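What follows is the residue order along each chain.
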Amino acid sequence: MPDPKNIRLKIKRQDRPDTKPYWQEFNLPHKPLANVISCLMDIQMNPVTRQGQAVTPVVWECNCLEEVCGSCTMNINGKVRQACTALVDALPQPIVLEPMSKFPIVRDLQVDRNRMFENLKKVKAWIHIDGTYDIGEGPVIPEKQRAKAYLLSECMTCGCCLEACPQFTKDNDFMGASTFSQVRLFNMHPTGAMEQEERLEAVMGEGGIADCGNAQVCVEVCPKKIPLTESIAEIGRETTLQLLKNLFLK
Amino acid sequence: MGSISKGQVHFLLLKIHSLTGLVPIGLFLTFHLLVNSLRTVGVLPYQWSIDVINNLPFLIWIEIFFIYIPLLFHSFMGIYITQVAKLNAIRYRYPRNWMYVLQRLTGAVVFVFLIYHMGTTVAPKIWNGHHLFEAAPFLIDVMNQEFATWTGRIIYLVGILSATFHFANGLWAFCISWGIIVGPRAQRNASIVFMLFGGALTVLGFATVLEFSLHPVDVVPTFKGAS
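Heads up: the protein sequence lines correspond to chains A and B, in order. The first sequence maps to residues 1 to 250 in our numbering. The second sequence maps to residues 1001 to 1227 in our numbering.
Everything labelled a hint here was simulated from the structure, so no lab data went into it. All of these numbers come straight from a predicted model, not from anything done at the bench. One thing to keep in mind: the hints can contain errors.
Coverage of chain B stretches by chain A, computed from C-beta distances (three or more under 8 Å per stretch; other residues unrestricted) [unchecked claim]:
| id | segment |
| --- | --- |
| 1 | 1004-1012 |
| 2 | 1082-1093 |
| 3 | 1170-1177 |
| 4 | 1181-1192 |
Only part of the chain B face toward chain A is listed, based on derived beta-carbon distances under 10 Å [claimed, not checked]:
| id | residue |
| --- | --- |
| 5 | K1015 |
| 6 | S1018 |
| 7 | L1022 |
| 8 | R1096 |
| 9 | N1097 |
| 10 | Y1100 |
| 11 | V1101 |
| 12 | Q1103 |
| 13 | K1224 |
Ideal placement from N, C-alpha and C gives every residue a C-beta, glycine not left out.
Input sequences plus hints: build the corresponding full structure.
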């Protein structure tokens, strides 16, 4: 009989990027308000499986513990989310932990999400603030626009939208919702708009905006409730206009 | 014309894939179902419509450039698009994710259905030299046979439903891809409007199937004395 005072965890582990994954189960005493991270910390202190076998501690990543950094993103009971806000009492047991499936595995629950960072670099997801000359103060941004930009700026590059996207796989180079949304954010900014064309052209190649299949799972799983599908349509609009511009005005 | 980089060719091809689904393929589907539903109005208007279409000047060129080439392009791009994806609607059960799966599934069904449909209509029509005058009696006879059995009826019902769904849902995706519809509420409303439109097309198609199944036509030449 499962003890209600116990937490049962089933974890998919992998020792090295090139070795095969395997499953291990752990039993932990129940603690009030425990989350998945605190459970992983408990395992770290006493890494013994349910069968009593002493093993290496499970590797995972975390940082802020308040769902703003995105580093503890993993598959919990089959769906992608942050481990820090996954409260144990709200989860059916056994709690199944798997690393994200769309990124290369480093070890256990730790994955290499560099692809997202590379994509942000490709689309110049920043605003130029200085150079060899002073570009001066930026114009005042209307409050409504600021509020909209704030929503988009909440993206923490956690990768939930990409993990859940049927179009985003390990074998292709689809950029995915988070990147398109950042293009929108920086194009919205009056100073950022100076690089608008470069950003749009960066998402007009293979793996770019036109590859989106509109399954719209991204917006469903986004922990920050970012209007990703609106961003995709908006970038669709901007790139369509850019295409017409390239065809007829250049 | 213009400056399109190598990377943008991929972008352009996907955009054209989206566009060809609407113009000319979607437009043709609407026209095709609408004209064929004349069968429910009466045999004569139906028979005349077929003869008129088959006597359009430069018909074969119209067919090649406005139907066959766009259709083949749309099909092969569609196969490519489906292959780079990894379906996950079992894990992430959201309505739009199911629509995404259905869009790919219906595309495949329509592709197979069209091979069958053209194999039983257009191919024998051209093969037997009935592609100019008096195409109607020949084609009506073919349709009589198609709808004589339940197998034939089911093939057409599935084919029509797949095509209308694929078009209605694809119209929605087209509007997003081209940035015509942007906001979440606009996307939702557009989806409802397009589905109603798809429903209307389905009714047209199903009514024609029903009419043929219930009342097969006595095949007579459109003009007396013609064979």
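Each hint tested on the structure:
Using a Cβ-Cβ cut-off of 8 Å, 7 residues of the segment 1004-1012 of chain B lie near chain A, which meets the minimum of three, so the contact claim holds. Proximity of the segment 1082-1093 of chain B to chain A, defined as three or more residues with a beta carbon under 8 Å from a beta carbon of that chain, is established by the 8 residues found. Counting residues of the segment 1170-1177 of chain B whose C-beta lies closer than 8 Å to any C-beta of chain A gives 4; at least three are required, and the coverage claim holds. Against chain A, the segment 1181-1192 of chain B contributes 5 residues with a C-beta closer than 8 Å to a partner C-beta. That satisfies the three-residue criterion, and the hint holds.
With a cut of 10 Å, the hint placing K1015 of chain B at the interface with chain A holds, because the nearest CB-to-CB distance is about 6 Å. With a cut of 10 Å, the hint placing S1018 of chain B at the interface with chain A holds, because the nearest CB-to-CB distance is about 8 Å. Checking L1022 of chain B against chain A: minimum C-beta separation of about 14 Å lies over 10 Å; hint violated. The interface hint given for R1096 of chain B is met, as the beta carbon of that residue sits about 4 Å from the closest beta carbon of chain A, less than 10 Å.
Annotation: interface hint on N1097 of chain B holds; nearest CB of chain A at approximately 5 Å, less than 10 Å. Hint status for Y1100 of chain B: holds, given a least beta-carbon distance of 4 Å to chain A, under 10 Å. Taking 10 Å as the C-beta contact cut-off toward chain A, the hint placing V1101 of chain B at the interface holds, the least distance being around 8 Å. Hint status for Q1103 of chain B: holds, given a least beta-carbon distance of 8 Å to chain A, under 10 Å.
Annotation: interface hint on K1224 of chain B violated; nearest CB of chain A at approximately 55 Å, more than 10 Å.
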